[in-house]
Amino acid sequence: MSTRLANQGRLIDRSKQVTFTFNGTTMRGYEGDTLASALLANDQMMMGRSFKYHRPRGVVASGAEEPNALVGLGQGSRFEPNQRATTTELFDGLSAISQNHWPNLEFDIGAINTHLARFLPAGFYYKMFIHPKPFWKHIYEPFIRQSAGLGKAPDKDSRDADTYEHFYAFADILVIGGGVAGLQAAKAAAQSGAKVMLIEQTAHWGGRAPVDGGTIDGAPVDKFVEQTVSELEAMDNVTLRLRCMGAGVYDHGYVLGYERISDHKPGTQGPRHRLWRIRAKQVVTATGAIERPLSFAGNDVPGVMLASAMRDYVVNWGVTPGERVIVATNNDDAYRTAITLKKAGVDILRILDARNAAGMLADEARALGIRVDPGRAIAKVKGGKRVKKVAICNQDGIGGAREELECDAVAMSGGWSPVVHMWSHCGGKLIWDEDHAYFRPDPDRPPLGANGEGFVVAAGSANGPLSLGDVVADAHAAGKAAAKGAGFKPKNTKAPQGETTDEASMEAVWLMPANAEVQLRMKSWLDFQNDVKVSDVQLAAREGYESVEHTKRYTTLGMATDQGKLSNINGLAILADALDAEIPKVGTTTFRPPYTPISMGAIGGEARGEVFQPIRQTPMHNWHDKSGADWEPVGQWRRTYAYVRPGESVHDAVNREVKNTRENLGLLDASTLGKLIVKGPDAGKFLDMMYTNMMSTLKVGKCRYGLMCSDNGFLIDDGVVARIDEDTWLCHTTTGGAERIHGHMEEWLQTEWWDWKVYVANVTEQYAQVAVVGPNARKVLEKLGGMDVSKDTLPFMEWRDGKIGDFDCRAYRISFSGELSYEIAVPASQGQAFWDTLMEAGKEFGVMPYGTECLHILRAEKGFIMIGDETDGTVIPQDLGLHWALSKKKEDFLGKRAQERSHMTDPDRWKLVGLETVDGSVIPDGAYAVGEGVNANGQRNMIGRVTSTYYSANLDKGIAMGLIKHGPDRMGEVIEFPGTDGKSYKAKIVDPIFYDKDGEKQNV
Amino acid sequence: MLILHCPYCGVDAEETELAAGGEAHLKRFGPGSDDDQFHDYLFMRENPKGVHFERWRHANGCGKWFHAARCTTTLEVFGTYSAQTTEPPKDIRDAISAKRPGWKWREYS
Amino acid sequence: MSEPISALNHASYDGIARIEECGLQGMITLRGDLSDKVVIKVVKDATGQKMPGQRQAHVDGEIGVCWMSPDELLVLVPYAEVEAKLAAMANALSGVHALAVNVSDARAVFRISGASAREVLGKLAPVDLSPAAFGLGQIRRSRLAQVAGAFWLDTDDSFRVVCFRSAADYVFKLLKVAAQPGSEVGVY
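Chains as they are written, first to last, in the numbering used here: chain A, 1 to 1004; chain B, 1 to 109; chain C, 1 to 188.
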């Protein structure tokens, strides 16, 4: 059984007991435990079931690479699936549930899959679910969906209770990884005076060196760690951060750090996670190495663990996974586990060393009375929910068992792989090191930064060296190299001397035993999380998958949430062997960030809830909100769609507003319309280029409606332009257009006509602008007093500065409704007061505020186009019958040349017309008109589409505008619009002006 | 995520402050140009693997447009420079030549 | 004329830093040739300050001038004096190619103050705000999360932040999230 030892456990505080639950059972651990170590201490060897075959699985590692021990953590609004027990710090009240089983962990129906395993090999889904075709939708997909998914999603009704944030940090040198290498690299770098940041994903400095032992400059490793940390803490130019994982390295020195601030103390004030958005001139990756499993039959039975992990559990947390342990290895390092466990009182039954000769550590093991069997291997581990027996064979055989031993845990070591993820994320290349059978960073091909030089330096075992002395020396050099790369002069210091027992070289073992027969290979797991076995990769190779990227996708090797941290190299070697190719020729799959999964909350940062996105508000926003506004997003603005009164539907409200504005008086908050000041000696010339019509000839005091096109001819904006003085114009843009058109103007001024003397300023938000609309518009303004707003003094399409009541304002006599209309701009700081004044004064004239839907209907009744409705980026003014707004006098304007292109002058272009349904109904939004015949696909030919369609309460019928082929030539013709509702709408082509054709109402 | 030096406000701006504006040094053709010239001006763009010239705007910053010369494969930035020029200045071309001897882009080399 | 009201009317919040909307501030966008003697004099007359260099802010209380781009300044004057200052500017600038417009109501101004002020802003703007990199007298235009903003230091632990008026509510809520209790980063 796995149990807590009487002593050991450098990271736990035995004086502080902690209570937690696992699948509802209450258990106890100590402060400093991980969930994995605490579960082991409670003899909970089985921690979950596998994804595909639902095989019982226990913890196999002790850190970020753990593939099996994934749990659902927390409850309700703090529930999160797929959390690694190995990286979850234990806290009082923690609640965890295991995953991938039903009805429970011990008894699981899905486990039948393990007996079907030979019928579910790699590519099973691709092969099985193709035929017959109709089965996919009704049988296969529902079945797959039911069984798919890793863990369970949080309850859909509960919102994440925590907050998250980003932080922008800047460093000369960022060191990722706080083991001895990271510490030493940080120190060497910081001694140059550079600004250094050091991040470590766990809660402890020192990495695994304190577990492995050895001395640095004569002192034990943990003393070195302690001392170096305190030296770094004392330096002003160094920032240290625990529980902060390097998640990804990106272009130009951009690195994401994922800090788990309160995962170990949930519910505390402040954000739960912080995403560090770091910019560094140089990045040192001191990310260590990960031990590889061995591929033997039954290597996934709970109780089979990485040798280093087993050692960690004993030394760090005082927990032994078993009482009778067998060690299988191809290198010397696993002997440390045997020695450590033996010294802790655990029986080591055998060290099965696949090699024929081991180094000095073997002598030490033998001296402790451990039996070492060279050339031996594990044929098979027996047991279901935990290890029961191990069958031992010769490594060079096919797996014929020589003996069977009863035991309860197996430590395995297939050698070590440097963690090259951070090096590789941004394009760092790898080389295959035959001696150690691993890929390591190729120092000649690092990721390149903005200056074309390498900006990542690998340090310590992440760079290849595995012995303490080499690691520290390498890290020291890396720190200095990074300082130099960042433009600093490294101090001339010597690396500390690390010493540890010499090791004999490892021998690559990709399959155990080397010639294992197929029954064994079918039980030899490569990828524990995605249930990929040696036989699956071999099958893929047989079926022609030669590229490692294809094999990965076919077998799903390395595609689980652990991204194959344990499985990739072993899988690659099996593939290379099956293809009879060299490993470096087969290559690796792509390392993609994040290093381990990070929370969606951290990615979103502050952007959730009220600040998910900016919502732009006019000065009268709160009034609208209190007055029944049904909001409509227009760009980032919120505009009132309609003011809904109690008891009204939105539709009722719109109809009421439409009628009242035509009959009495309506107020529209038009503050969102863009207002750009264009000033300078060349402003007129410039605006003549910007607009299709002539703006330079506009008289001071007058307004003109203008169209703007891009240089490829298409309409991009429209609005009323007012000439303010001799060299100043004010250009109104659409609501969404102010910033875009401002940018558009600046682009032409800065990049094409930079010698023209023109300045542009965006003054949109300086003003609150209110449209006062309807037959009573003048009456209300005259009641308030101030400037003369009579027909003669302020005629249609002119503007004046003056006062309305007490308010300084600029009044424009313009109309987008066809009614008598004034748009009045007052300083934004007085917008609400002005609005209140109008509402109060307008009472006797039947004033009502109206929203954007009413605005749309009023303009559609008048046949006025709307950018974004009648235009979609492919429409030119000629399509909309706006020839009158195209200057014929001007030699040039943006879009002029494009509009001469053959396609633009094609008489078959769809043209704007009005549409009136035969039965008064409303044509659905976006409906297409169909004509005679069918196209090559057998679909009915399209001859046009609806661009705007509304119910007009004033006319009591459906009205619409649309772009129709030869439309203006087909007046009176009835055409057909099939709806998605199965009905077909018949509409007559008519003039687009439905209301007050002669414009008498606006010119009073 | 790129960092480009804005030559107008002197900030080393990260990409989230910038807006990309496509290829640099386009020559505008207007009325009077023939169909081929106009078509090329509107639609034909370089898509090099290597040295490239682009326009960027320091949109969340000083608002100015500027030019950048960079390598599309390594993202190495050879330099940024004024938008008020119709061709890459000599110091930029020299900087590129030092790093990418024999480079060619449109009519420049 | 009725009583003018700023975007959030002095709303405030106390977290790891104090956030407050500063109320009405007179602001004039001045575009022109910043090396032109007339423009330099106009700035001096309006603010008493000399022409700021690249990314400099010469601000004292509610009076000052900030460099916004090579041809743009933000001139700060008391709110009540904007129109008079603007008229004087327009007068002085007649004959010079320049543009001066009142943007006082088009903007909102916030103050972030307290020991964690730099960190609060550092959560929202992609800018190195360490004291070594960002000090008194500097202005930076950047973004605050998803909207444009500009900021400078009034004292070593007090920023003023300017954004568009329509985004004031968003920016205030952003700053509140960034200043929430318990969110000290611990680096500045």
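Since the hints were made in silico from the structure, they are not lab data. Please note that a few of the clues may not be correct.
Stated by the list, open to error - Under 8 Å between C-beta atoms, here's a sample of chain C residues computed to sit facing chain A:
#, residue
1, 4
2, 8
3, 90
4, 177
Idealized CB from N, CA, C, for every residue including glycine.
How the hints compare with the structure:
{"no.": "1", "hint": "4", "verdict": "holds, 3 Å"}
{"no.": "2", "hint": "8", "verdict": "violated, 10 Å"}
{"no.": "3", "hint": "90", "verdict": "violated, 10 Å"}
{"no.": "4", "hint": "177", "verdict": "holds, 5 Å"}
Comparing the model with each numbered hint stated earlier shows that hints 2 and 3 do not hold.
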